[in-house]
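Same order as they appear, the protein sequences are chains A and B. Sequential numbering from 2 applies to the first sequence in the numbering used here. Sequential numbering from 5 applies to the second sequence in the numbering used here.
Don't read these hints as lab results, they were simulated from the structure. Careful: at least some of the hints might be erroneous.
Said to hold, decoys possible - Covered stretches of chain A, going by a simulated chain B footprint (3 or more residues, C-beta under 8 angstroms): (1) 270 to 281; (2) 357 to 370.
To be verified - Label pairs and their computed distance ranges (CB to CB): (3) B:Asn42 / A:Ser251: 18 to 26 angstroms; (4) B:Pro196 / A:Gly378: 36 to 44 angstroms; (5) B:Ala100 / A:Thr260: 18 to 26 angstroms; (6) A:Thr260 / B:Lys182: 47 to 55 angstroms; (7) B:Arg180 / A:Asn400: 42 to 50 angstroms; (8) A:Glu447 / B:Ala100: 27 to 35 angstroms; (9) B:Pro196 / A:Asn400: 39 to 47 angstroms; (10) A:Gln299 / B:Met38: 44 to 52 angstroms; (11) B:Thr8 / A:Leu46: 23 to 31 angstroms; (12) A:Trp442 / B:Lys182: 39 to 47 angstroms.
Glycine included, every Cβ here is placed at the ideal spot set by N, Cα and C.
Here are the chains, one letter per residue:
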Amino acid sequence: MLELRKDIFADERDDNLNEIGKGTQRQDMLGHVTGTSSYFNDHKLQGMLHLKVVRSTQSHARIRRIDTTEAERSAGVRRIIRGADVPVNLNTLLSLINFGKDDEPSLAVDKVRYKGEPIVAIVADSEREAFEAVAKVKIDYEPLPAVFDVEDALKPGAPVVNETYPKNTFTYHETYDHQKLRFGDADAALATADHVLEQRYQMSPIEHAPTETNGAIAAPDTNGRYLVYTSTQALFFSVDTCAKILDVPSNTFHFIGGTVGGGFGGKVDTLTEPLAILGAMLTGRPVRYVFGREEEMQYGPPRGAERIYIKDGVMRDGRIVARKIRAYFDSGAYTRLSSYAAVKCAAHLPGPYTIPNVYGDVYCVFTNRTPATAMRGFGVTAMDFAIECQMDKLAHLVNMDPMEFRILNAYRDGDMKAHRREAKNTALIECVQVAAEKAKWPLREEFKRASSRKDGGGSRAVIPPTPTDSSRARPTAPAQQRTSYDRLPPTVTREPPREPPPPAPPPPPSPRPTAPSHGATRFSSVFGTRRR
Amino acid sequence: MAVTVKTFASASEAAGALSSDRTARYLGGGTLVMRALNEGDVSISTVVRAQDQALTRIDASAPRITLGAGVTFARVLAERDLAFLHAPARSIGGPAVRNMGTVGGNLFAPNPYGDFTVALLALDATVAVQGGFGSRDIPIEEFLQARERQAGTLVLSVSCTRPASSEAFRYRKIARIKPKGGSVMTLAAHLPISGGRIAGARIALGSMAPTQIRARAAERALEGRSLDAATIAAAASAAIEGTSPSDNALGSAWYRREVVGVHLRRLLSGQE
Ligand SMILES: Cc1cc2nc3c(=O)[nH]c(=O)nc-3n(C[C@H](O)[C@H](O)[C@H](O)COP(=O)(O)OP(=O)(O)OC[C@H]3O[C@@H](n4cnc5c(N)ncnc54)[C@H](O)[C@@H]3O)c2cc1C
Chain A
2 MLELRKDIFA
12 DERDDNLNEI
22 GKGTQRQDML
32 GHVTGTSSYF
42 NDHKLQGMLH
52 LKVVRSTQSH
62 ARIRRIDTTE
72 AERSAGVRRI
82 IRGADVPVNL
92 NTLLSLINFG
102 KDDEPSLAVD
112 KVRYKGEPIV
122 AIVADSEREA
132 FEAVAKVKID
142 YEPLPAVFDV
152 EDALKPGAPV
162 VNETYPKNTF
172 TYHETYDHQK
182 LRFGDADAAL
192 ATADHVLEQR
202 YQMSPIEHAP
212 TETNGAIAAP
222 DTNGRYLVYT
232 STQALFFSVD
242 TCAKILDVPS
252 NTFHFIGGTV
262 GGGFGGKVDT
272 LTEPLAILGA
282 MLTGRPVRYV
292 FGREEEMQYG
302 PPRGAERIYI
312 KDGVMRDGRI
322 VARKIRAYFD
332 SGAYTRLSSY
342 AAVKCAAHLP
352 GPYTIPNVYG
362 DVYCVFTNRT
372 PATAMRGFGV
382 TAMDFAIECQ
392 MDKLAHLVNM
402 DPMEFRILNA
412 YRDGDMKAHR
422 REAKNTALIE
432 CVQVAAEKAK
442 WPLREEFKRA
452 SSRKDGGGSR
462 AVIPPTPTDS
472 SRARPTAPAQ
482 QRTSYDRLPP
492 TVTREPPREP
502 PPPAPPPPPS
512 PRPTAPSHGA
522 TRFSSVFGTR
532 RR
Chain B
5 MAVTVKTFAS
15 ASEAAGALSS
25 DRTARYLGGG
35 TLVMRALNEG
45 DVSISTVVRA
55 QDQALTRIDA
65 SAPRITLGAG
75 VTFARVLAER
85 DLAFLHAPAR
95 SIGGPAVRNM
105 GTVGGNLFAP
115 NPYGDFTVAL
125 LALDATVAVQ
135 GGFGSRDIPI
145 EEFLQARERQ
155 AGTLVLSVSC
165 TRPASSEAFR
175 YRKIARIKPK
185 GGSVMTLAAH
195 LPISGGRIAG
205 ARIALGSMAP
215 TQIRARAAER
225 ALEGRSLDAA
235 TIAAAASAAI
245 EGTSPSDNAL
255 GSAWYRREVV
265 GVHLRRLLSG
275 QE
């Protein structure tokens, strides 16, 4: 049962809001529970054609030749669409808000970068005829070495996955190959910590597995407009993306969506609409393009797999004094939304804990795998998983109760976060207390009495001296890496003591204020991007 | 070419249609055939169906039982006389798949499927098939070895002898998703006991080779012995012999080889 603890932070909350804190029924709920909601695929239009796609059988290959002659002669085929037929055959979703370069073709032209990449689209009278024609397209590949591991992709000499990003890393702010967080001197603090624990966490890609697969039906409307029924989760992103790819004004389209048969992030990428509309433009007929289940599983984007290294320094009394994190997001062959996930991840380090020395590097890496995308809490979920596993291990290491260990290290109001913002309205302590109470988990009295509004600030509000990276050698590979914590005794290392930290450098220049600009507001606070 | 559906009243007509058309595929419950068609398998152009009552008959009263190829797993589960086959039937898919999926279709289901067939293999079942030239009975092992070449033959039924006791027949499916995932591996053992000794041991494995196979070395280790710890250990360490598993999303070939002995030991020692 839903329980709102309105007594906590009552003075900080406005209870006169119209929706928040109230039980409001979703507008589409009645349709769903009575089975009357209509989805994009419930529209069967007169004269509707079907689009199917020839997909790459190779993970990385140059395309030598595409032969569609037999497919063209196949029964029921109305139109064969190649890369050259796509008006603007390069796109990435977030370029609409000036974040990232266009790197993904709608139909591959000279190279394929992952198994399943679309190469040729076929529009035919029936699905069956489209499938038959697809089977007749011959593609001559010249296989290229492929890379499937994020760290391998960063090694010198690794195959270049995506020529838009020749170093296999996304470029942030047109300059940086990763997202960085520096706060205090983590290396120095690690050297004086009682215990150091380094762990590696590897996530798997996860399929969203919606009941309704990705798809769209596009139909010519009057006045040169196109009506599009779509499963998209991001209708306006989708309209703008189609306008860009098809090089027409966005008011050419009338998109009808809103009822999504399961999305969870897997339907933000505008994968089917551009080709469905292009098919309708080229044939003058309604065109339906829907992923099969296998296409959805294999070629629809998954949650990206993350690899995360965390190295923590903790004192015998349970205080975490340093946290170093390196994270690699496997973007697959194209950007889609992993670049943004990495930003969210960096904004989330080091978790909801007050740690005086934090060092974080987050990379968005290209590999020859299916492009990854958004999925519920992306950028944060995996990192939270890793951080919270790490917290349990650290608690074990210093012989503390894991709940109490979290309360001890939790942010309190007035503390300085590693992002140099004062923590406000923190509530982790209260959350842990309530969780412990519900789970009948005993907490000692002093931890029951702890509050996120007490004992914060003061020395905990100080921005520590932070050496810049250029003032020291780059960090070397991790000293120890272990994955099976349970089988081995905890590794405890003491690094040799270091020189005292150098004097505080001048504070970094405050970021240039970003001009408020239409469309960029949602993300600009995180990205600090400017409109070009 | 559109897909044509041909429905026949008798099994022999269906068999004739099947054997005369290379693009024809028999439709049992359709759990795999319809999936293939929906996903664009253009090798199928004709779907053959038969409404013959004989295909859905269950004969479970005699010591030797016979199941029509069109009998679904839901019907096996509803039949009290088939209790010894309930564990394999229940291990297949979810309710929707068990309501549609048939015993005959299971004989053709590729890895990681074909669990019911593992049980039938351990029970030395016989498969009744009808080709272009009439019907005949084939031992199931022979049927499976030639499975790739069975296209064009219709399975009419399978039959096997009821195990003497519930102890004598054991079944275990290893899956990563419970209760209805594809199989990492499937094991079935028939251990008839005569005078305190095993006589005619049969161990069958699924997902350990391109088709279901018998673990002959493990059978030899059991034969003529009593089921004690030493015998079980010998059978478990022989389990891997003759297997040729492959990698898939559910498990690697290496993993399957590593654990097959462990699972056989647990099966034979009655461990959960
Ligand atoms: C979601 C899902 C989960 C599944 N889980 C399992 C599982 O856990 N374990 C498992 O073993 N299987 C599983 N299966 C596979 C399958 O459903 C079963 O193996 C089932 O027994 C297949 O029977 P069917 O009648 O539906 O076969 P169909 O799809 O009708 O046919 C399958 C093949 O057998 C041929 N065939 C069918 N009947 C005959 C016949 N009488 N004569 C000649 N050829 C015939 C068909 O032509 C076709 O080639 C699963 C399938 C799905 C879709």
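Q. Of the numbered hints stated previously, which ones are contradicted by the structure, given in increasing order?
A. 1, 2, 3, 4, 6, 7, 8, 9, 10 and 12
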